[in-house]
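Peer 1: Chain by chain, the residues run as shown.
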Amino acid sequence: MFEMTQVTKAYRTDLLETHALREFSLTVGKGEFVAVTGPSGSGKTTFLNVAGLLETFDSGSYRLDGEDVSKLDDDARSRVRNHKIGFIFQSFNLIPDLNVFDNVDVPLRYRRMPAGERRERINSALDLVGLSSRMKHLPSQLSGGQQQRVAIARALAGDPALLLADEPTGNLDSLMARQVMDLLEQINGMGATIVMVTHDPELARRAHRNVQVIDGQITDYKPYEAHSASVTVLHPPAADAAYG
Amino acid sequence: MDIKPILSSLRRSPTGAILVALQIALALAIVVNSLFIVVQRIEQINRDPGIDVASIFFVGFQASSERFQGEVTMREDLAVLRSLPGVQAATVVNAVPLSGGGSSTSMYTEPNEKGRRGDMNYFQVDEQGLATFGARLVEGRNFDATIVTKPARNSSESPSGILITRDVAKDLFPDGSALGKTIYTGTNQPVTILGVIDHMHGSWPGWDKVGNVALFPVITDETYARYMVRAKPGQRDAMMKLAEESLGKVDNGRVILRVRSLEYVAASSYAEDRAMALYLTVVIALLLGISALGIFGLAAFNVSTRTKQIGTRRAVGARRTDILQYFLAENWLITTVGVVLGCVLALVLGYWLSTTFELPRLKLYYLVFGVAGLWVVSLAAALRPARRASMVSPAIATRTV
Amino acid sequence: MFAYDLQLAFDSMKRHPGLSALMVLAIALGIAVCTVTFTIYHAMATNPIADKSSQLYAVTLDTWSAERPYDDDKPDLPPQLLTYRDATYLYGSKAAPRSVVMYKSGALLLPERDGVKPFNAQLRVTTHEFFPMFDVPFQYGQGWDAAADEGPQPVVVLNHETNEKVFGGENSVGRTLKLGKIEYRVIGVLQPWAPSPKFFDLNNGSFEDPEDAYIPYGWGKTLEMPVYGNTNCWKPEGGDSYQDFLNSECIWLQLWAELPTVAERDKYQAFIDNYARSQKAAGRMPRKLNNVLYDVGQWLDRNEVVQKDNRVLIGIALLFLGVCLVNVVGLLLAKFLNAAPLTGLRRALGASRRDIIRQHMTEVLVIGLSGGVLGILLAVGGLAGIRAIYGSDFTRGSYERLTEIDPVVVLVTLALSLLAGAIAGLYPSWRIGRTAPAVYLKTQ
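Chains as they are written, first to last, in my numbering: chain A, 1 to 244; chain B, 1 to 401; chain C, 1 to 444.
What the hints contain is simulated information worked out from the structure, not anything from laboratory work.
Be aware that a few hints might be false.
Computed footprint of chain A on chain B, listed as stretches where at least three residues anywhere in the stretch have a Cβ under 8 Å from a Cβ of chain A [what the hints assert, rightly or not]:
hint	region
1	201-210
2	314-327
3	389-397
A partial selection of chain B residues facing chain C, derived with a Cβ cut-off under 8 Å [what the hints assert, rightly or not]:
hint	residue
4	16
5	19
6	34
7	287
Just so it is clear, CB atoms sit at the ideal spot from N, CA and C, and this is done for glycine as well.
Excised from the complex, chain A in its bound form (with noise of 0.2 Å):
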């Protein structure tokens, strides 16, 4: 349901091109929970603001969830990712001057819901989470894990189609971090896809599949064992051509 085909994007300044994904494609399975690793700079970043629609690429496809979402304007990307993406940010971005229910309202304030149904959607995501209790309360009253609790609330709360998740543990402790983790693999558990960002192993090691960039390209995968939906295979790009 995730299809990404030969995505170029380059960043152009006045002195050099900076080409941050080369020719990069992957296609993740409805229900599968992927990690994307790689060293800093090598495009993790540039490939999950592509993935969630946050920024354009220049050349190749993109479908997600039966829709070719190559060529939106912002407006039509901005409802894409309002339907089908639910995000987790590294630094949770909760908004500071909101209280955990009006935090989790914001995405469904944008699809022009009904107060009923955004109620009980938040509601559900909250105790999903396991935070109802804190609905009133702020980010700054709140602890780390508690906070990107709250963002994976809001991130589920209109049902998308695909988790992008962003170093979700990286301000964590490990403590924390093993939570997020646990929450995250009870929610890819009922259903969810999820594709994680991360340069930690240990945090990869927890999804069904790893793939690996360097230098804007997969360079490497770990096909997943034993998984039931329908796994489509990997395109592998000339693995030799990007060391040559």
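The hints should help you fit chains B and C onto chain A, whose structure is shown.
Peer 2: Using the frame of chain A, we list chains B and C on its own:
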């Protein structure tokens, strides 16, 4: 439009918003009251003086030798002036309207200063006086040459018949017509009202009875006399030159001192009102400008500190217009609070100004202008920062720096 | 430490040039408007003879009608002018150490010099005390004496401009000049002298140009010279001659008395009250006893030299400054709080709360002072603009004198800009001073 997040955000850090609202409130109060005063002054300046200001000019002269023969000489000069091709009418007059200098007297409906009193700023003119002023009679007739007199200097003799304006008529005879009625001077001389002039301004534009004017059929004493000339439309400047030349050629014991247009005199009399209007207009412009800049500065700053939040919102699905609307709505909310407070302040200030300085009371519809104006200014100022906010890339959300 | 604070202030301003410029501009505009308004107000409110102000008194008697007060708006005040009879008596009594009687008149001046057109000269018909009493400065020659008033002698004192115009500015003492029908001999020429306001005679406008020439008082009666000031009569008296006019209740003369001590003033007050009582006994002065002596300051107030409009403008200027300050407070708050991480770092490195507040107040004062200086420059431009628009000869010379830059006003407004800056900066500095050292050092 979801107000709640805006309110939550404002409640958490209200100081900036309070300052903007306060600034808008003060600006509104000042702008509204200043605008009111400006309009008052402009209305004052634009009042219809009831005379042909554009075409009238005055020739100042003084007797310079024994050859000057009083009335005879003045009539000689008038003949010269009246013969000029571009002149409609000319007369001798004791004062210049709208100049701040003139004479006034009071007359009564009954002898011995009893009955109703009419104050009148009088102009001593001959039979062409009315035509020279270009004033309009609504009742009765202009006096003719037969009743024009030249009393001796220092004489307290009064003319037998006069023309008065409607304002004087109303003071003397509030019910019914003043035409043909007799009124009495302080020394019990009877005076008949020969005609009523529609409307005319006299010597003192600042006097609340500036419309109380009378025309006396008198050739005034030469110490105070000047010639008043009404040129044909469009010919005033040419006639001013020609008049000076023509009179200069006549050597009859007087010198021509100065030829001045009524327009010039009137403009000078209103100089202070104009200055006040100009000053306040500048203040209004500066006020709106500084408010716009201040709101712009604060809004831009506001946006710059919230880029992470904006990026996050965009990441979870806000479109550019959603972000734009958010910031414009925030601005609108603060502005509305400021505007409401400002209306209260405007009324308070207006009340205080009117009681302390005896200015007229502020009219309510000026508040509408002020409110509309400040809403527009605030919106315009916040537009660019709001647009800049909407352009924040959603990719900011994934940046960790 | 101050030098360091100053350096920090400039660094901070450089980091946010737009915001800093905006703040300086806001203060500058507020100060400019205040300066222009204060300058004009100060010029209007000034006492042009301050050192003698409490010794010179305008003498007023209430000779007005019993039926109505002189001024309906101020029914308790006596009229500002005297009748001929009263002025003559009071002056002649010599009850004051020195006094002067005068009025404004005019006559045709026929210059002998080529190229100078004859003009209607504005004359002050006055007794000889005018010059010493009002400290009138002479360039050439001097005034006349009591005998000249009596004569009257055909002597004249010219003002500076008239001497320039008629005699080319040279020492014209001894030359003759024809005013009306009489040839006068010039005995004195004044230095440029234009007290503003023209306190001794406010009848034709408070800031009018001074008269062109001065002639002895006796000429008024001898030549039956016209009154160019105010003449007001309440009593219908008939009469057809100049003598009737002199005997009437018409008021048209100004009388000033020099009363150097309080004792003198009280004595004179008693004198004029007694005179009034005797006149009342003779059937005159029907209103209740109300004879007022005004010193120069009081006289200026009585005649409302500073108009309503000017007071309104001062209020509006201050309010405008207030709006500018509110603006600046908001911008300062934004600027300071934005630099909170940096401030937190400083606190962590050892700056006390007081150091932080002092540093920020220094920046505020720099902004305030810059705004003040810029504001004064703008004000100078504004005043020049006013002069340019309103400097026509008919506007009674007032705008020239009223828009002169006054060093007192400049100093006051500079102080005001510092004060304004300080007030605006207090809250934001205090706020940023409260920054806990470590709060902003965390990344989130």
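Peer 1: Compare the structure with each hint and give your call.
Peer 2: Taking the hints in turn, this is what the structure says about them:
no.: 1; hint: 201-210; result: violated (count 0)
no.: 2; hint: 314-327; result: holds (count 9)
no.: 3; hint: 389-397; result: holds (count 4)
no.: 4; hint: 16; result: holds (6 Å)
no.: 5; hint: 19; result: holds (4 Å)
no.: 6; hint: 34; result: holds (6 Å)
no.: 7; hint: 287; result: holds (6 Å)
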